[in-house]
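Protein chains in written order, with full-length UniProt numbering: chain A, 1 to 646; chain B, 1 to 452.
Just to be clear, a hint being listed does not mean it is correct.
[What the hints assert, rightly or not] When the alpha-carbon atoms are kept at most 30 Å apart in a straight line, the in silico DSS-like pairs for lysine-lysine are as follows: (1) K587/A - K295/B; (2) K275/B - K452/A; (3) K295/B - K138/A.
These aren't lab readings, by the way, just hints derived from the structure by calculation.
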Amino acid sequence: MAPPRPPTGPILFLPLVFLFLFTTAAASAAAPEDEKFTEELLLRPLPDRKALAHFHFRSSAPPAASVGRHHHLFPKAISQLVKKYHISELELSFTQGRWNYEQWGGFDPMSTNNAKPPGVELWAVFDLPLSEIDATWKNLTHTLSGLFCASINFLESSTAFSAPRWGFKLNEGNLRYGALPREAVCTENLTPWLKLLPCRDKAGIASLLYRPSIYKGYYHSQKLKLRSSQSLGIILDQTLTVVLQPNNVHGEQLHSNHGQLQPNWSMRHLFNRKLSGKCLVSKSSRVFIEVDKGIADEVNISGSVHSWSNEFFVLSNSPDKLIKGQNHLEMQSSFLYVYDASNYSEEQPLDLGITWKLPLIWTCTPSPFHASRFLMGSGNERGSIALSFMSTNLHKKISGSANDCSIKAVIFQVVPWYVKVYYHSLEIFIDGSRKTVSEVVDKIHVIPSEDKLLPGTLEMLLRFPCSMQSGTLTLDFDKGFLHIDEYPPDANQGFDIPSALVSFPEFSSARSYPEIDPVLGSPLLENFQEDSVVKSYTEVLLVPLTTPDFSMPYNVITFTCTVLALYFGSLLNALRRRIGEEERELKKRATRHGLISRLLAKLRGQKVDPSESGSSFESTGSKKLLFKVVFVAVAAVLFHYFSNNS
Amino acid sequence: MAIRYWPMAGAAVGFRLVLVLFGGDLHLASRPEVSTPLTSLRRLAEGYWLKQASVSPYSGSMYHGSPLLLSVLGPLTSSRPDGHHAHIYCSLIFVAVDFLAAMLIRATGHELEMARNRSLKSLDLTKAVKDTVNVSAGDVASLIYLWNPWAIVTCVGSCTSPIENLMVVIMIYGSCSRLAPLAAFGYVMATHLSLYPAILIVPVILLLGYGLDAPPPKVFVIKGSIARKSDVSDNDKTSRQRVVQQFSWKPVLHFIFWLFIWSCHVLLLSSVILKKVGGLHEMFEKTYGFILTVKDLSPNIGVLWYFFAEVFDFFRNFFLMVFNMNIIFMVLPLAIRLKHRPCFLAFVYTAIVAILKSYPSAGDSALYLGLLGLFVNELAEMQFTFFLFFGYIGVSLLSPVMHNLWIWRGTGNANFYFATGLAYTCLQTVLLVESVSSMIKHDRKLRLLVTS
């Protein structure tokens, strides 16, 4: 507001002091609606001997009217972005690796909210008239691109984003969705992300983010989620989800878990760091260890805090609290051991870990169907996309064995324009037998792709019978041919089709924590309690496209033009020719001595009588020539004159 | 010879039926030589599906054909009988369409032959000009059309080119037999389906105005003057009648009237079909616009796809204009030189269109090769026929091989396939130029025969 400059006098300095006093007074008056920052970390052992770490940072700013343009904790860049582009919701994720839905679970809030497709995914809901949204989206992509050092600006072109109506998230046409499957994620994206935190990675939970260890993992997803409204203000959730392989003490890197003891790990093993206290400006700073339902059933955790040390495993520190979680069917699902980071300090750092005593095998709850997508066909002319669903028999566990029930699934898929999908070729096979489309598809919404203009968007609501073990959907496509400028530098690597999203609207992954007191105020658990449908992303597909010869433009242009000139010239010549005249001319030539023959004769010393007719012909010929030259010169001058004038 | 025509024609139709019914899915529909983005039946099925889903059939750069075809052929594409390939009903229709086209070519040939005999008789040249082929030109042409492997492949390979060809043939037949409404119908439909036949208005008007192909008027003048010299009697009158070949406006005006009526019909029907999904504006943009701006760069047997895939964006518009104008440039010179042979002029225009159109296919070549058969007597002295015949065979064998190497095996590259396209364009050019010049030579020969 007032840049520091040498005060010219006490008179000028005084109002500044008053102003300062006034603003502090105003800020303290608005104390109940202050900006807040919380940091949380959730650690979870995974069945395939890996460990999941989920960092969650929430910054919130009260509604703009109460604080004006200034912020204490909330990142200014984000609030400006929200105000400028009228964003009501936005989610940006940078992901490397694929979430393993079979091993790491597909039915919990972690997989539905934090498992993201590889590369960059961005969606935003705007609070704007529909006509302005596309332009705003373009500006937004450029801003985010600058903010996060990523090529999000590639989402600017209309071929890269789409406007799903209900397949992704129900909206009134004000949602835009775009994905860049090939975007590489690295520290250069993490650094600007960390800059949005008040303590960056200097203190608190973020200090655990030691780059070499978090980028070593199997899955890395960094996400930024914004929600903004008049009543709530702006809420910024920053999450980082990593799946790491604990550095085993014995140096074994075994992936199977049959009869083997799970690897023991602690924060130092995972991150090469220990947690030394909280970020001072944070309102709360907690670490959770989540124990899955699978473990909880085996271990028979009684529900008391003392269960942290049992016959199967022991945690390195005694927790401050134990929270029971329930899934949406009111069934016991998981336990959370809570640690408050503010109890630890530089001298007494927290090195939370788990030590296994007995081998334990458990599985995470899967989604109702395991969805995967693959390409069929060979060659570079056409192919088919197949989406396959394998039943995980979840419904039997949940609802018994009612066989005449059905399970809804929503498919949302964006296909780039150079993959020209024939939507009429949709075929559905259930347990190997072909079904008509109307038997399975309840609702379908297609926005077909326009060449070089729009990607194709497919939203489909399917209804599978519960007894289905495997289902497959196939769609034929033709591969497009691009102009040489449209190919990326590594054209032969192929093109990516972004992940499809499959969601199961009848299944909610929300957890409830009945014993939790609302005072605890943990945004992480609040997110877990939010009602969200079970979702899973499929694989990214790599489609090789035919390439033309990139070194040929000049050759092709000259060859083609030569052939066309040949056509034009020879046809015109055939029309122009007067064979009769030519023959007459030839006869004349034969009777008359040519100029060269006369010269030759002269050289030989023979006498030639100069014929009158020949010279007259020559003179008329030279006149004609002269006239032609003059005509061409005049035409050239006129052309030059007119082209200069215009 | 007429005895042997029907078994041959029947065998050709039978062969097509066998291929359609028992050939299984030959995957001809996806051959770039057979179906182009404009004529592909698969794209038509997609357009029909979109229309059924109450989306504009033109949304999504898939369908670029006429809405009339969509409503005629569309319902047939959606029903799939088991044991046959997907578009069997359409293929059966195309067999009938091909047969009809062959019959019309035959009828046109008979008309042309009668006109030719008439004019030769009036010139007293019936004996001097021996028919090299002892069969009717119409039979030859229609058998060429029926047995042309490209026509067969086009007919079996589920694309809409047979219908486009039929419309052109209807137009030529209608104007040869002076049926103005039929000629106008063929003209309007052909133009509606593929735009390029629009230039055929010149031969149609000449046919309607001056009548069928005849030797140049000059020959009749010379003949008349010779006849007057020898004896001033009955002969004079008849030759005089031929010489003063008045342009008759009545059938032309009739044609223009019907042209207007049919255009209104087509536009009205199209707008009714596209009433709730898009409109006529979108139709023109997606059909004619797509043809003229060469938006689809998928390979075909022409050369323009590779040209526009490689040409610098900056020059794209310039070359689009050049290539489109190239077709129009030759219209007037040809019309001036060949105005006494409008039917041959129609053949030449069809060939030019097949060479220079933005998405050429084997079906276009099948049409002009069929029409070429109509002038089998006039073009008997054509040069390079051996070279052309084996050139066509060589290209049609090499082109699929190169395509396979490039697209399916990945061992060849685009230049190989483009080279066959270049060779094919050159061959067509040679055929065109040779046929035009030998027709001119034929006219000259007639004049020499008359004067001698």
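Hints violated by the structure (numbers, ascending): Hint 1 alone not satisfied by this model.
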